[in-house]
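Chains as they are written, first to last, in the working numbering: chain A, 1 to 125; chain B, 1 to 125.
Hints should not be assumed to be uniformly reliable.
The list cannot tell twin chains apart, which means a pair is met if one copy fits it or any two copies do.
Using 27 Å as the maximum straight-line C-alpha spacing, the simulated DSSO-like pairs for lysine-lysine come out as follows [unchecked claim]:
id: 1; residue 1: K122; residue 2: K83
id: 2; residue 1: K52; residue 2: K23
id: 3; residue 1: K122; residue 2: K63
id: 4; residue 1: K63; residue 2: K19
id: 5; residue 1: K122; residue 2: K31
id: 6; residue 1: K63; residue 2: K23
id: 7; residue 1: K19; residue 2: K52
id: 8; residue 1: K52; residue 2: K122
Don't read these hints as lab results, they were simulated from the structure.
Number of protein chains: 2
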Amino acid sequence: LTDIEEISYNSYMPTNEMKIMYKVWLDCDGKAFGEGPDRLLQRVEACGSLHKAAAEMKMSYRKAWLMLRAMERRLGFPLLVRKVGGVSGGGSRLTPEAFDLMKRYEAFRRELDGVLHEIYTKHFG
Amino acid sequence: LTDIEEISYNSYMPTNEMKIMYKVWLDCDGKAFGEGPDRLLQRVEACGSLHKAAAEMKMSYRKAWLMLRAMERRLGFPLLVRKVGGVSGGGSRLTPEAFDLMKRYEAFRRELDGVLHEIYTKHFG
């Protein structure tokens, strides 16, 4: 290293702490389920409508609908069914398969999260 | 579900097996190191040149260089130094800090990979 290079590198002080980040998803010729869809479905469950859930996540209804349809095709089962009619004029609800998938994915994520940070500390701590 | 919906969903048979996929990276106000940079540096080590390494990975030299510079800034140390002159006309070599980081990241990845698949099988197997 020349002196100039050393001076330049010495100014490379990171301002924030280093952390480990990850994304994990089910895949079957493309994304079949992950963090984003899980959050979207949680909101559908809470508000009973894909329209409202998508809006809360600042996604277009079309994008949310296409994403869920693609995932249903890859998973091999439906995630949402439409509630037809009634006083509230319809909406969407989760299928039992969607609830089961979310439960498994969330438990998987929780366990992975703890273990990942342990392994990170072992190698980088 | 109506009969029509059931028929439509029954045709949603996944053709390939479901698998778990993930990405994991060091982050400090942006990506500081991960799988792609690790592979790029492995190739620089093998061929002694960022130009050749980028070409082998079908990246532009400019993109590879900018990516590594951004990571050096976030990490707080240099990853590459230029070999100046000589018969071969220069090239790049890895810094000791880069070797150390790669060793840690690769060991971290190997351990995580095994554990992740165990946890996946536990929740989805």
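Status of the hints after comparison with the structure:
1. K122 - K83: For K122 and K83, neither the intra-copy (50 Å) nor the inter-copy (34 Å) Cα distance is at most 27 Å.
2. K52 - K23: So K52 and K23 pass the 27 Å test inside one copy only (25 Å; across, 30 Å).
3. K122 - K63: neither (40 Å within a copy, 32 Å between copies)
4. K63 - K19: Classified as between; 24 Å across copies, 31 Å inside a copy.
5. K122 - K31: between (30 Å within a copy, 20 Å between copies)
6. K63 - K23: both (20 Å within a copy, 23 Å between copies)
7. K19 - K52: neither (34 Å within a copy, 31 Å between copies)
8. K52 - K122: This pair counts as neither: shortest intra-copy Cα distance 43 Å, inter-copy 34 Å.
In this structure, the earlier hints numbered 1, 3, 7 and 8 are contradicted, and the remaining ones agree with it.
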